[in-house]
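Chemist: Just need the whole structure built from these sequences, with the hints factored in.
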Amino acid sequence: MSADIVVGGSDGRSVLGLVTDDWAAAEVWLATLKARNPPVSPRTLSSYRSEMGRLKWYCEKFRVVQPSHWTLQDVLAYLDFLRTRASQHISRRRLPQHDSAWTPFRKPLGPTSVSHAQKVLHALFVFWFQTGHVKQNPMAGLGGGAQRAAPTRHAVPPDLIDTVIGLMDKRDYVTLVARLTYARNRFLIQLIEGVGLRASEVVLANMGDFELMSDPRSMKTYWSLLVRHGKGGYVDRVPVPYALIEQLAAYRQAFGLPPAPQPGEATALVLSGRTRRSDNGVRPSVRGRRGALQWGEVRRRATLWDIVKKEFAECAEYLDGLGNTADAELLRRASTHWLRHTFGKTQLLAGRDVRFVQKLLRQRDIRSTMIYTELDFFDMARGLEPGTVEVPERSAS
Numbered sequence: 001m002s003a004d005i006v007v008g009g010s011d012g013r014s015v016l017g018l019v020t021d022d023w024a025a026a027e028v029w030l031a032t033l034k035a036r037n038p039p040v041s042p043r044t045l046s047s048y049r050s051e052m053g054r055l056k057w058y059c060e061k062f063r064v065v066q067p068s069h070w071t072l073q074d075v076l077a078y079l080d081f082l083r084t085r086a087s088q089h090i091s092r093r094r095l096p097q098h099d100s101a102w103t104p105f106r107k108p109l110g111p112t113s114v115s116h117a118q119k120v121l122h123a124l125f126v127f128w129f130q131t132g133h134v135k136q137n138p139m140a141g142l143g144g145g146a147q148r149a150a151p152t153r154h155a156v157p158p159d160l161i162d163t164v165i166g167l168m169d170k171r172d173y174v175t176l177v178a179r180l181t182y183a184r185n186r187f188l189i190q191l192i193e194g195v196g197l198r199a200s201e202v203v204l205a206n207m208g209d210f211e212l213m214s215d216p217r218s219m220k221t222y223w224s225l226l227v228r229h230g231k232g233g234y235v236d237r238v239p240v241p242y243a244l245i246e247q248l249a250a251y252r253q254a255f256g257l258p259p260a261p262q263p264g265e266a267t268a269l270v271l272s273g274r275t276r277r278s279d280n281g282v283r284p285s286v287r288g289r290r291g292a293l294q295w296g297e298v299r300r301r302a303t304l305w306d307i308v309k310k311e312f313a314e315c316a317e318y319l320d321g322l323g324n325t326a327d328a329e330l331l332r333r334a335s336t337h338w339l340r341h342t343f344g345k346t347q348l349l350a351g352r353d354v355r356f357v358q359k360l361l362r363q364r365d366i367r368s369t370m371i372y373t374e375l376d377f378f379d380m381a382r383g384l385e386p387g388t389v390e391v392p393e394r395s396a397s
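Every letter in the sequence shown is one number past the one before it in the UniProt record's numbering, and letter 214, counting from 1, is 214.
No lab work stands behind these hints: they were computed from the structure. Mixed in with the good hints, there may be bad ones.
To be verified - Quick list of in silico lysine-lysine cross-link-like pairs, DSBU-like style, CA-CA up to 35 angstroms:
(1) K345 / K359
(2) K359 / K310
(3) K135 / K34
(4) K119 / K56
(5) K119 / K359
(6) K220 / K56
(7) K220 / K310
(8) K170 / K135
(9) K310 / K61
(10) K310 / K56
(11) K56 / K309
(12) K345 / K56
(13) K61 / K170
(14) K220 / K119
(15) K61 / K107
(16) K107 / K310
(17) K231 / K359
(18) K220 / K34
(19) K107 / K170
(20) K170 / K345
(21) K56 / K170
(22) K309 / K107
(23) K310 / K231
(24) K119 / K231
Unchecked claim - Simulated restraints, written as ranges between beta carbons of each label pair:
(25) D74 / V174: 53 to 63 angstroms
(26) A77 / R237: 41 to 51 angstroms
(27) L95 / G323: 36 to 46 angstroms
(28) A249 / N324: 26 to 36 angstroms
(29) S47 / H89: 13 to 23 angstroms
(30) Q97 / V126: 26 to 36 angstroms
(31) S47 / G323: 39 to 49 angstroms
If you're wondering where the values come from, they're calculated on a predicted model, not measured in any experiment. Glycine included, C-beta positions come from ideal geometry on N, C-alpha and C.
Modeler: Right under this line is the structure:
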């Protein structure tokens, strides 16, 4: 679809300026979101760009007119495709985009994903309408997706995480790759649970982000992790228990690195058993790449998700064999973010004040922390008990 059909003022222009097609108009929208003050987070921007990729693929694959010419029925047809037929077009991971078998779908979309797609599409049409790229918003009566249900925060009980780690420790790792994978996976599970990191913060971190900090008042030294890619673009620093630093050392040594990370070290925190290809395109042997330290980097949240899910699934199978089907089912449902919830809940159960836990979780709104802890519910429940005049205050730690 050419620029000749771009709607707008009498000269065919819109506030966007001349754009070649809807996909160029979508790029202007994304650039606007990035330029806002404050801007949307890189993670949100990446999510929106992915939705635009799905939309473009759908239009080209099924020869559907570009979205600026859509009616409400076109919108409903697209959302129905995402709900019912996208699962028929799953693409293998690492498939090049130029491959004819490539699609933008890696797994079936659940209700939350479809609702998110509707929200993004609605925001796009609102922007296009406001800037004159379209004369009417076909989603005006549809809205931007279902409202969220009451938020919940699932967590993996710490003793169940101990079971996962214990089972990992008992396995025999015959090959070098298996031993490397074990050292990495063990560290990652304990890192997320022990510090409360988000998946994106883990995969975007470098080894050099671990730093020693000296307290000028007590003269004590603490390990910290500089979170350079926090939610909303924030940069934070979080304390790291020494036990995790010991696990980091074991993980690094397994990959042939010195036990302690060097200041400013650019090595990715999450390493892959695969290697970076050398300049001549040759991939060395496993032993060769250990000597050359040419480990590949894991920078995708989906890969970290796979790592954690794999270890949970293997432990779930073990628990099934013991007849512990409840814990097995919980592990099959659990994911990386559940480990972050475990961290938050553990801190509250240890008696730490909710505002302190808010700082540890790096949440800007204390209401988000209250969702993790459910303390607001317990305050209300206690207040309704017979003889209770007011909700008793929580004691600070």
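Chemist: Do D74 and V174 keep their Cβ atoms within the hinted range of 53 to 63 angstroms?
Modeler: Check passed, 55 angstroms falls within 53 to 63 angstroms.
Chemist: Between K135 and K34, does the CA-CA distance stay at or below 35 angstroms?
Modeler: holds, 25 angstroms
Chemist: Does the alpha-carbon distance linking K107 and K170 stay inside the 35 angstroms limit?
Modeler: OK: K107 and K170 at ~32 angstroms, within 35 angstroms.
Chemist: Take a quick look at whether K220 and K56 sit within 35 angstroms of each other, Cα to Cα.
Modeler: violated, 55 angstroms
Chemist: Under the criterion that the straight-line Cα-Cα distance not exceed 35 angstroms, is the pair K309, K107 satisfied?
Modeler: holds, 14 angstroms
Chemist: Using the beta carbons of S47 and H89, state whether their distance is inside 13 to 23 angstroms or not.
Modeler: holds, 20 angstroms
Chemist: Given the hinted pair K119 and K231, is their Cα-Cα distance within 35 angstroms?
Modeler: holds, 19 angstroms
Chemist: Given the hint that K220 pairs with K119, does the C-alpha gap stay at or below 35 angstroms?
Modeler: violated, 49 angstroms
Chemist: Are the Cα positions of K310 and K56 separated by 35 angstroms at most?
Modeler: Distance of about 32 angstroms is within 35 angstroms: holds.
Chemist: How does the Cβ-Cβ distance of L95 and G323 compare with 36 to 46 angstroms: does it lie in that range?
Modeler: holds, 41 angstroms
Chemist: Sort out whether K310 lies within 35 angstroms of K107, counting only the CA atoms.
Modeler: holds, 16 angstroms
Chemist: Given the hint that K231 pairs with K359, does the C-alpha gap stay at or below 35 angstroms?
Modeler: It holds: about 13 angstroms lies between the C-alpha atoms, which stays within 35 angstroms.
The structure shown violates the earlier hints numbered 6, 7, 8, 12, 13, 14, 18, 21.
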